[in-house]
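Novice: So you can see what is in the structure, the chains are spelled out below.
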Amino acid sequence: MRSSPAQARGPILDVRGLHKSYHTQAGDTVLALTDTSFQIGDGEFVAVVGPSGCGKSTLLKIFAGLLPRSGGDLFLHGEPITGPRSDVGVVFQDSVLLPWLTIVENVMLPVRIQKLDVAHYKERASDLLGRISGLSGFEERYPNELSGGMKQRAAICRGLIHDPAILLMDEPFGALDAMTRERMNAELQRIWMESKKTIFLITHSIGEAVFLADRVLVMSDRPGRIVEDLRIDLPRPRSLDDMGSDKFGVYANHIRSLLNAKGGVD
Amino acid sequence: MRARRWSWIDLCTPAAFVIFVASWELICDFWNVSALLVPPPSQIALALWQETVHGALLYNLGVTLFETAVGFAIAAALGIGLGAIIAEVDWFKRAVYPYLIAFQTVPKIAIAPLLVLWFGFGMTSKIVIAVTIAVFPILINTIEGIWGTDRDRIDMVRAMRGSRWQVFWVVKFPTALPFIFAGLNVGIVFSLLGAVVGEFIGAQAGIGNLLIVANFRMDIATVFAVLVTLGVTGYALHLLMALIQRKVVFWGSTARGQDYV
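Same order as they appear, the protein sequences are chains V and G.
Position 86, counted from 1, in the first sequence is what the working numbering calls 86; the numbers after and before it change by one each time, with no gaps.
Position 42, counted from 1, in the second sequence is what the working numbering calls 42; the numbers after and before it change by one each time, with no gaps.
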């Protein structure tokens, strides 16, 4: 159904030889990301796994236009990324909902910031909140009244409201408990299948990556670079029970061995 | 739903008041303490009544409250405005902030006589003193509040292509509001303090003036009556600010601000 549309329509995101270095306060130069190249096709779900501090979040921040790159090329829809763009949606680890705004006001924030047509997107907001994330009835509530999982679903709606070409997710479920996290994984798969969005997900959960992604990019420890681009050939929709299947285990073990070989030592 | 049931714990505050006032009265009576030094509560209450009904307590209180309010309003505008600019504009911060911190360590009470000399015996000098004292807690808390904004919140709005202006108004300023209110809470009481200190030094009216005059006349009961008025007024102003804060910062998270006398 969703078999590699990347070749058909050209990549949404095209990363070529990207690298990023920081200058520390001591005056040293630290290489955070080196020689990173990959492509993401339209509608693809790509996950990145790697040890903490391997530059995954740096990668996402560069895509979001929040950090400048030190070298290499980066194209979204064939245009170079030079700063934050209106066709990108971002979901952070903490939901980052503003406590003084209601849920629907939080979801509408990108519309307000980009001065888009409020009436049109208001309808889309209630559609996203209701049909996609099961939050209807909570539109006028404040974030403090919602559970962690509900907040994160609202944050996903906020990331999708302006219909971005790609949704970037930085460990979106890292702060949730294991049970909620599994449920959110299933929800995210459904949201992705319904919204037909391209998703770039950063996680340090191997299970989450294999369960959700079409492709898993495995990153090495600092300086971060992609050591394998693994296609996950499991039928959709995947159920949480599939996580116990042999094929799932083979993928997960393969990724784990890569991480242990490249990033576990040192 | 019914309110919480009464319990003995609710009686502690009024009971403490009654016991305190009663013991004071009894001690004055028992040891024959001179009313010239410490008048008993009954005399203070009488003086309070006399000054309110026949005297000029209310007029003087009105003058002081006016000075306090104007001083506070100016201090709030100045503190929040200047604080926001210092927090946001780096060159301005470098030019102004170190000197403000240095000036802040000067006890403002010490320059009050100078301010009266410059601005006269009328209300202007009291307002200036009130502003000088009240502006610092508001200013410092505004700066701290804005600087304390979570990086993720800023990144979130930036990622939506929010301008610097939008980042400030959508995220930073609301985030700073609990801190700003902590500053305003201290500021309004400091403003009253500043006005009264100004009136001590030289004034034609105001509650501080009334206090000094009563002190010269050795009318100690009136001195205490004025002190009671002052205490109640300060507390009422504080409660008023707390009420406004609860309405404005309805999402809670009361920040513990800094005083900077």
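Calculated directly from the structure, the hints in this document are not laboratory data.
Here the structure is a predicted model, which is why all the values come from computation and not from measurement.
Errors might be hidden in some of the hints.
Below, a list of computed lysine-lysine pairs in the DSBU-like style, where the Cα atoms sit at most 30 Å apart [said to hold, decoys possible]:
1. V:K196 <-> G:K247
2. V:K122 <-> G:K247
3. V:K196 <-> V:K247
4. V:K61 <-> V:K115
5. V:K61 <-> G:K247
6. V:K196 <-> V:K122
7. V:K247 <-> V:K122
8. V:K247 <-> V:K115
9. V:K61 <-> V:K122
Novice: Does each hint hold? Answer for all of them.
Specialist: Here is how each hint holds up against the structure:
no.: 1; hint: V:K196 <-> G:K247; in the structure: violated (42 Å)
no.: 2; hint: V:K122 <-> G:K247; in the structure: holds (27 Å)
no.: 3; hint: V:K196 <-> V:K247; in the structure: holds (25 Å)
no.: 4; hint: V:K61 <-> V:K115; in the structure: holds (23 Å)
no.: 5; hint: V:K61 <-> G:K247; in the structure: violated (37 Å)
no.: 6; hint: V:K196 <-> V:K122; in the structure: holds (20 Å)
no.: 7; hint: V:K247 <-> V:K122; in the structure: violated (43 Å)
no.: 8; hint: V:K247 <-> V:K115; in the structure: violated (47 Å)
no.: 9; hint: V:K61 <-> V:K122; in the structure: holds (28 Å)
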